[in-house]
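Visitor: The listed protein sequences derive, respectively, from chains A and B.
The first sequence: position 405 = 405 (the numbering used here), numbered continuously.
The second sequence: position 62 = 62 (the numbering used here), numbered continuously.
Hints in this document: simulated from the structure, not taken from any laboratory.
Hints are supplied without guarantee of correctness; some may be wrong.
[What the hints assert, rightly or not] Partial list, derived from the structure: chain B residues whose beta carbon lies under 8 Å from chain A: (1) S13; (2) L15; (3) L18; (4) L24; (5) V34; (6) F35; (7) F36.
[As the list claims (entries may be wrong)] With a Cα cut of at most 20 Å, we get these calculated DMTMM-like pairs of lysine to aspartate or glutamate: (8) K66/B <-> D381/A; (9) K45/B <-> D108/B; (10) K51/B <-> D381/A; (11) K382/A <-> E97/B; (12) K51/B <-> D41/B.
Note that the coordinates shown come from a computational prediction; the quantities given were computed from them, not determined experimentally.
All C-beta atoms in this analysis are idealised placements derived from N, C-alpha and C, irrespective of residue type, glycine included.
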Amino acid sequence: MMPEAGHYALVLALVLALVQAVVPIIGARRRDPALMNVAASTASAQFMFALISFGALTASHMVSDFSVANVFENSHSLKPMLYKITGVWGNHEGSMMLWVFILALFGALVAVFGGNLPATLRANVLAAQAWIAAAFYLFILTTSNPFLRIANPPVEGRDLNPVLQDIGLALHPPLLYLGYVGFSISFSFAVAALIEGRIDAAWARWVRPWTLVAWIFLTLGIAMGSYWAYYELGWGGWWFWDPVENASLMPWLSGTALLHSALVMEKRNALKIWTILLAILTFSLSLLGTFLVRSGVLTSVHAFATDPARGVFILAILIFFIGGGFALYAWRAGSLKQGGLFAPVSREGALVLNNLLLTTACATVFVGTLYPLALEALAADKISVGAPFFNLTFGPLFVPLLIAVPFGPLLAWKRGDLLGASQRLIAAGLLALAGVALVMAWSWGGPALAPFGVGLAIFVIVGAVSDLVERCGLIRKPALALKRARGLPASTWGTAFAHAGLGLTLLGIVCETTWSDERIATMRAGDQTMVGGYSVRLDGFAQRHGPNYREVTAQFAVARNGAAIGVMEPSKRNFVTRGSATTEAALMTRGFSQLYISLGDLSADGTIAVRLYHKPLVLLIWLGTVVMVFGGGLSLMDRRLRVGAPRPARSAKALQPAE
Amino acid sequence: MTRKQRRLVLIGSALAVLAVAVALVLNALRDSIVFFTTPTDVVEKSIQPGKRFRLGGLVQPGTLVKGGNLAVKFEITDGKSNVKVAYQGILPDLFREGQGVVSEGVLDAGGVFKADTVLAKHDENYMPKEVADALKKQGHWKDDYAAKPEAAGGAAAATSAQGGKP
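Produce the entire structure from the sequences given, and follow the hints as far as they go.
Guide: Next comes the structure, spelled out in structure tokens:
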């Protein structure tokens, strides 16, 4: 019964989406408030039905209803409850359900929180949103229905792919999708603006928070995925330039550019056409990401689905929305008025440079990801484009960007003073140079570029801090600094945190890739080996039973300078149902650095292959992204982003709502 | 500066960045891409020793020899030709005789493929996509090696191992 209810709810959601896609646009043309208001109610109702449908699928997974094909293929009655729930989106059909569910959620949020939008804009935005939703409902219902029943229900399911039975699956896909799908809002706003042929600073104020929310989730999603790959795949890498990772990086890069160009548009009413283009581009790249992962065109660790019919359908969606978006853009962009002059050296100029470098870097990733596919289709040559390509293209484009980052916030709008900004960055520059010299002296004869990487990271971090110091007047008028710091807009703090986070991530990346220590050894009980200044002794093995697997764990005693500091227990798990094995690495955190042990094969003679790493400052890579996200959150709090709702100044006594 | 000059500066810098990017991409494409090759290709088009490429096929059953210090030797076949592969390091979880594998490395002077990366990537047919395509071309698809494991389900998994730095 439940799956049928879910199926039916999905069909109803499709019907509502079709209504929402057509009626409000007619309403907006005729200036008919009744027709325009249909959008808000259908968006909420559509969300309700998407929720029911998604809930029905989740419930089928939770009660292990193996008469549903999707549950049978991806679940097992012995699987822990957490993985029964997360297993819902650990497969193609379920993940598409999550996708449309989040899409409907965002649509409903616009309907609820968009009360202060002009009526026609809201109607058009929600209609554009409904077009996307309708396409994906159709896709699910025709090619990937998760509610299909099996005539003779089996007693037991086939279990979920063991690699996915991890807390990472609970977090990574939802976060990533919240990011991908969140950019659909900026897309819909851009389409609505093009339909209306009108765009102003207020438009950017409405778009920026949505873009920021999507960016925050996408950043978290990518970071989470990276950390998951790091500890789950067992070879200590955190970024593989795998096509699927690139698919999420591309919308991030153009989304970051969008965030910054929307700023110019909001403050200075310039770069309008460019901002619209970026909004379309960002969501197009999100769709492309979905296509690359879901169609199975890539041989990649993530390509779960391999079904050409689906691929063709997603390709059609892709062509319709990307092609349609750009066609609308080409047709209507000319009607938007440009405004806001600025000198090349100015805040706007810096943000243009940021956009230029981010989009170009994004383009190189695009080439590296899709070139092999194009070549295979056209010339039948199979090639792989790996890390060396991206290091040679992406890297050199990011260096000038990172150098420019601290300068941006120090330049004034319209016409900036580069000399003045440089003077304020003297402290950061000197510290960076000191860092370079120190690292060079310490690692003499080592990698030549690493000290400069560390210096650049210091420059970015200290540069962000010195912007804050400058604005608070900490050095000029220390007595007033605290008061001024409180008075600074939240978005100023947000900028500083986000930029400092970028520096932290860079520091982590440079240190990890340069000074990581790796040992591969065959060990037997009692053997000892050294890695990164730690001595690691294999004490013995133990057998354990998990709910749906058996595992062999190895105990390693870790000591430094003769003093024992802990035990690490990596394991190898054998999943009974699928007959497949996973390697569970053991991690020991020391400050921001980590020791990492993963197991290879156990031989008959009692030796085991062991991979040990010491990864200095590796945690900074992810900590930096968390700081970036925190900065994004602070910017979101900025009351200037709340349009049309000016609030009275704080009175000292009254209670304030939490911000 | 006039409006026109400002626009020129903007367009000029955009073109400069683009030109740099194009140069970087072309340079990188020349040096850092790796071709996928089957054992038959290796035998027929003599590939120079020292040139990096990816070799894909099935691990010939009965050829896997484990030496000391994690050294392994095996042969990769596409049903027509075999190539000897030497690798040092930990093999991925899914590496098995008779199943698909992709390795990356260079040929040495003796015609042995020195792999520094071994990937046992597969879909539900336990076969890497490149290998499946190559085998189909050779007419050795499934019928000859139809050792499809039980209940592989709709999902695919992949693990990989790398010797040295990724």
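Visitor: For the pair we were handed, K51/B and D41/B, check the Cα-Cα distance against 20 Å.
Guide: holds, 14 Å
Visitor: Can V34/B be said to touch chain A, with a Cβ gap under 8 Å?
Guide: Result: holds, 5 Å to nearest chain A Cβ.
Visitor: Would the stated hint for L24/B survive a check requiring a Cβ distance to chain A of less than 8 Å?
Guide: OK, holds: L24/B within 8 Å of chain A, min 4 Å.
Visitor: Are the Cα atoms of K51/B and D381/A separated by 20 Å or less?
Guide: holds, 16 Å
Visitor: Have a go at the F36/B hint: is there a Cβ in chain A nearer than 8 Å to its own Cβ?
Guide: holds, 3 Å
Visitor: For K66/B and D381/A, compute the direct alpha-carbon distance and say whether it is at most 20 Å.
Guide: violated, 33 Å
Visitor: So if I understand the rule, the pair passes when the alpha-carbon distance is 20 Å or less; does K382/A with E97/B pass?
Guide: violated, 24 Å
Visitor: Using 8 Å as the Cβ threshold, decide whether L18/B counts as touching chain A.
Guide: Holds, about 6 Å.
Visitor: Against chain A, is S13/B within 8 Å by beta-carbon distance?
Guide: holds, 7 Å
Visitor: Per the CB criterion, is L15/B less than 8 Å away from chain A?
Guide: Hint violated; L15/B Cβ to chain A Cβ min 10 Å, cut 8 Å.
Visitor: Quickly compare the C-alpha distance for K45/B and D108/B to 20 Å and report which way the hint goes.
Guide: holds, 15 Å
Visitor: Hey, does the F35/B contact hint survive, CB to chain A under 8 Å?
Guide: Hint on F35/B: holds, closest Cβ of chain A at ~5 Å, below 8 Å.
Taken one by one, the earlier hints fail for this structure at numbers 2, 8 and 11, listed in ascending order.
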